[in-house]
Every structure is written in structure tokens, then in C-alpha cells.
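Visitor: Please model the complete structure; the sequences and the hints are all you need to start from.
Spelled out, the chains give:
Protein chains: 2
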Amino acid sequence: MVNISKLQDSYFRIKKFINNTPILTSDRMNNEFGGFFYLKNEVDQVTGSFKIRGALSALSNLKDKNVCGVVAYSSGNHAQGVSKAAQIFDMHAIIVMPEDAPQNKIDKTIANGAEVVLYKRHIESREEIAKKIADDKQYPLVKPFDNVDIIAGQGSFGLEACEYFIQNNIFPDIVLSCTSGGGLVAGTSIAFKHYFPDVQIYPVEPLTCNDTEISLKNKTRTRLKTHQNTICDALEVEIPGEITFPINLENCTAGISVTDEEVCKAMKYLYDEFQVKAEPSGCVSLAAVLSNKINVKGKHVLITISGGNVDKHDFSKYLKLAKD
Amino acid sequence: MVNISKLQDSYFRIKKFINNTPILTSDRMNNEFGGFFYLKNEVDQVTGSFKIRGALSALSNLKDKNVCGVVAYSSGNHAQGVSKAAQIFDMHAIIVMPEDAPQNKIDKTIANGAEVVLYKRHIESREEIAKKIADDKQYPLVKPFDNVDIIAGQGSFGLEACEYFIQNNIFPDIVLSCTSGGGLVAGTSIAFKHYFPDVQIYPVEPLTCNDTEISLKNKTRTRLKTHQNTICDALEVEIPGEITFPINLENCTAGISVTDEEVCKAMKYLYDEFQVKAEPSGCVSLAAVLSNKINVKGKHVLITISGGNVDKHDFSKYLKLAKD
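So the sequence lines, in the order shown, correspond to chains A and B.
As numbered in our numbering, residues 56 to 379 make up the first sequence, in order.
As numbered in our numbering, residues 56 to 379 make up the second sequence, in order.
Hints should not be assumed to be uniformly reliable.
Chain copies aren't distinguished; within one or between two, either way the pair holds.
Said to hold, decoys possible - Only pairs whose alpha carbons sit at most 27 angstroms apart, straight line, appear in this in silico DSSO-like list of lysine-lysine:
| hint | residue 1 | residue 2 |
| --- | --- | --- |
| 1 | 367 | 70 |
| 2 | 367 | 354 |
| 3 | 367 | 352 |
| 4 | 372 | 348 |
| 5 | 120 | 70 |
| 6 | 378 | 332 |
| 7 | 198 | 280 |
| 8 | 375 | 332 |
| 9 | 198 | 187 |
| 10 | 118 | 70 |
| 11 | 323 | 352 |
| 12 | 198 | 71 |
I should point out that these hints are in silico values taken from the structure, not numbers from a laboratory.
Guide: If you want it as C-alpha cells, here you go:
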């Protein structure tokens, strides 16, 4: 079970290795949209996304149990998080990545000291490959969200945000969280519901991967039937987590979804107004506000900016799309 | 003495806690200025500047000697670096900061677990206050640059850059390094002169604080007679370090200096072309290229982008100045 004391235990173990990321505000944005907005910016986090929080939490716990290596599959931020956490705790990390992953992501993972195993996307199953390696090596498989220590670690994002609100004597009304498998919003919701029980929490997803929105509506984990592409590559999952979903069902008001076009506009707004270069997946919460998916009039709203791992070429392309 | 093996020892101790920061390139910039430019971006470093490298190096060494606390004076990036390094190594840090330092810098230092002692700028001497505390507590004073472990730690910036050049089979011709007391350029020059003995290394300073440029010309440490303001607040020193200067005299070709106006233009160029929001002090090397202070035609040039700790309001102001 993940509760506030598990979050605090986890934060105590990991806080020294992470940045307590800044909360950004803008009078202009507040005036334009009629609310009070607080953007917590994980672009400035170690490894460029919040994923290091969960990875450090899970691996610090395994390290305490004398586990000397881990296996994970990811082509993105979880790979960076797990490889960096393993480097910090002197553990061996084996990361299963698709053969066609961007070379710079593979290089970064190797630079963090991890061993990278490539697989052929669409032909091989990364889960099976990872499980086989985990069995052979007797290493645990560290899943990206369905893991209580990962959820507790991502919750440190929420703890830091709550601390900010408490220190500044602000009562937050709304929390918007970028959501794929639901680890970040699950952990964050536990922190917020503890300190601010009346807050309304909304997971935000790309419209084409809105499994959490649908599952919350159905009050049960629901698998998406069709797979459609989105520029939010970090948020592509088909079904919410087994561990994360019950937490989110209890703590969240409803899901919200946004289109890729709305995400591009949010990327541009964030860059123009806050000088922050975020990845598409990192901007869905902001997109929800900018495209009026939720009533924010007079409300104090936490907006999650979850990561910044986007290459220059893609970033320019998305900003150009926002203009057209 | 600081040599390549001291740099490598230091890097071995600290690499797990830092980001191996990206090297950015731009075909457009290469075409526009007729060289090959490699911008190593410490804006993406833990604590937002390269200073964490030296701090981790110095404190890891002290920790190994069972020292349990340190004292430092700084209102800027060194404060962030030392407080974060102390947090990582479970050490007590006391940071002496001016009473009128920006509240967010004081808050960040405290958030890293440090104790902050405020002093009245222009009335009290921060060095004396820090020395007194160090004596009382029996803690070492960790100076921002005149310290062999700090220099070795900053050298990890150079080691990473050299590794990049070696892996990509590139022979760098020129290294441009932002310079205040000379710690970064001293450490970096040791790495480069080891792997690429023919490289030309240039410390770059604001024109109003060009003590290293003058000292290199005079071949002896020379104190600036007058103090004039610059927007490059992290680079305001009056005289090069006692330990750093002999290294830089041996390894560097000459100093280069740039005006605040040139720095603003470089901040804008970096933001427009690379989407990187750097502080003024972080842009002097780029300013040297953009304002033709050095012949770069056909050359492979490493440009140091040393940090990004600038607030939104100041950043907008400097970008506006660049347009006028």
C-alpha cells in the first residue's frame, strides 16, 4: 500500500539526489485565463524528467535489500531514470530498448553506465526479453509505473508542490497531471489528498491514449481498442496500471484529454511565456488549461510540466505546427 | 598539483551525481560564422551550473577524511553547488550570503539543507565572517576556485568534452571558457592539453572584469584597479586565483573580453537558435564568437555555456536590450 508515510520515507531517501524543481508563475497568464497558475517544472529535474524520482525510490529500496542489479524496458525517460539511479547506487542496470530508438537516447543510457539490449520493435516483445534477462540474472524487473516504490517516488513531486503551497499559504483548488500509466498522478494525489483533502485532481492524457479518462468514467480499468499515434510518445499506454488505477479512482475527479494540436500550442505558450522547452508529453496539463477543458476561473491550479526530453528538430517542428 | 590523473580520480567520485551534459550543434550557426561549433550546455546540469562539479569533488574528498561540515561564501552558483554536494554527502553546510541576495537563491540554498548566515554587503566582510565560523566550528572553508579539488572537479567538464571529441573523431582547435576566478578554465585546460596538446584555449570575461586577460598579458596576477558593474554577476572578481593562474598561464593562449551588450546578443542568439535560456555569465564564450573577437573560420570550437540561473524578469530584460 502506498500512503503518505511511504511517500515521506521515499522522499527522505531520494531528496539529496534530485532537484526540488521550481514553481513558475506568470501574471500575464493569470490575467489571460482568469486563474492562479503554478507550473512545477520537471524539465529542470536530473535526467530531464520526473522519472528519476520513482527510479531512485525503487532502486534505493532494492539496494537496501542487497540487490545488485535491475532490468527495465523503456525507450525514453524511464530508461534515463533507472540507468541514472543505478549509477548512483552502484548497481548494474540492463535496459531493453527498441533498435530504432534515437541514438542519443541509447548513448545517454550507456553514458549512465547501463547495459543496453536492443530488440526489434513490432517483431519481438520487450516485456518477454526483459523478463527472460531478469530470470537469467536473478535481477528484479523495474516496471515504469506499476510498482509501489515507483509510485511513492513520483509522489515526491506532490510533496514538494504541497510544501510550496503550505509555505506560501495558498489553498490549491485543482491539480492537473500528465498521465500515461498513472504513477505520477497516483503518487501526487496521495500527497495532495493528505494536505488538501478538498483539492480536485485531474489526470490529463492525449485524446488518442485516454485510457485513464475512459477507465475513470467506467470506474474500471478499460483497455483502449485502437491504437492511434500521438506526438506525446511518453504517454502511449493502452490501459491504466493495476496498482495505480485504484489509487487514481479514489483520488481523482475525472480524466481530461487534449489533441496533439492543443499540445503544440501549449508547447509554444510555455516557451514564449516561461522560456521553458518541454517535450509534448510534458505539456498536456498546460494544454488542458489553454484549450478551456476545465473551469479555472478564480482557481489556484497546479500544472505539471513533466519533462523536457525533446530534440531540437522536433521541437521546432511542433512550434511551427502551433503557428499554422 | 592538479594533473590529468587527479581530474580522472575526481570524475570517478562525482560522475554518478551529475549529468554528462549535452553538446549542442547547429548547421545554421556553422554556416553563419564559418566554423564548427560545439556548445556544452551546463544549464542542464544539476543545480543549473557547472559549479556542482567542483563542489562534489571537494566535498567528496573531505567526506573521505571524515570532515562533517563545511563553510562557503557565495550568493550564487557556488552556494547552490556546495549546499547540494553537502546534502548528497550528509554533511553540514554553512553558507554566508549577502542580506540582499535574491530570496529564491536563499530559499534554494536552505532547501538543499544548508544553514544560511546573512551579512550586510558593503559593511561586513563575508570572508571574515566565513573564516570566523570556520574557526569556531572547525570546518574547512571551501573557496569557489582557489582549491585543487574544486579545479579538478570543474575539469570533469573538460573530460566529458574531450570524450565527445574523441568518440566523434574531431580535433578541436579552440576552447572558449567563461572565466571568473579561473577554476573552470584551469580544470578544463588540463583535460584538453592532455588529449589535444595543440588546442588553443581562451578564457573569456566581461570587459569590466577582465583581470585574467590583463594578467595573462602581464604574465603575472594583476588586480583590477576600478570596479565597474556588469550583468555577468557570476564573473565579478578582481584578480585571478593564486592556484588557478599559474595553470592558466601555462595552458591558455590569451584572454578575450566582451561587453554586456555583446552578452545580451549572445543570450538572444542562444535562445533563438538553441532554445537554451542561459544566464549572462554563461554566454560570454558564445558572445566572443558572435562578436568576432576571435578567428574561427574553418575551426572546431568548443563553447562553454556555464549556467542558467537567471530569473525570468531579468532574462526578458536582457533579451529586450539585445533587440534595441
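Visitor: Each hint needs a verdict: does it hold in this structure or not?
Guide: Right, here's what the structure says about each hint:
{"no.": "1", "hint": "367 / 70", "in the structure": "between (30 angstroms within a copy, 26 angstroms between copies)"}
{"no.": "2", "hint": "367 / 354", "in the structure": "between (34 angstroms within a copy, 23 angstroms between copies)"}
{"no.": "3", "hint": "367 / 352", "in the structure": "between (35 angstroms within a copy, 25 angstroms between copies)"}
{"no.": "4", "hint": "372 / 348", "in the structure": "within (25 angstroms within a copy, 33 angstroms between copies)"}
{"no.": "5", "hint": "120 / 70", "in the structure": "both (20 angstroms within a copy, 24 angstroms between copies)"}
{"no.": "6", "hint": "378 / 332", "in the structure": "both (16 angstroms within a copy, 22 angstroms between copies)"}
{"no.": "7", "hint": "198 / 280", "in the structure": "within (23 angstroms within a copy, 61 angstroms between copies)"}
{"no.": "8", "hint": "375 / 332", "in the structure": "both (14 angstroms within a copy, 20 angstroms between copies)"}
{"no.": "9", "hint": "198 / 187", "in the structure": "within (14 angstroms within a copy, 51 angstroms between copies)"}
{"no.": "10", "hint": "118 / 70", "in the structure": "both (16 angstroms within a copy, 19 angstroms between copies)"}
{"no.": "11", "hint": "323 / 352", "in the structure": "within (22 angstroms within a copy, 35 angstroms between copies)"}
{"no.": "12", "hint": "198 / 71", "in the structure": "both (23 angstroms within a copy, 22 angstroms between copies)"}
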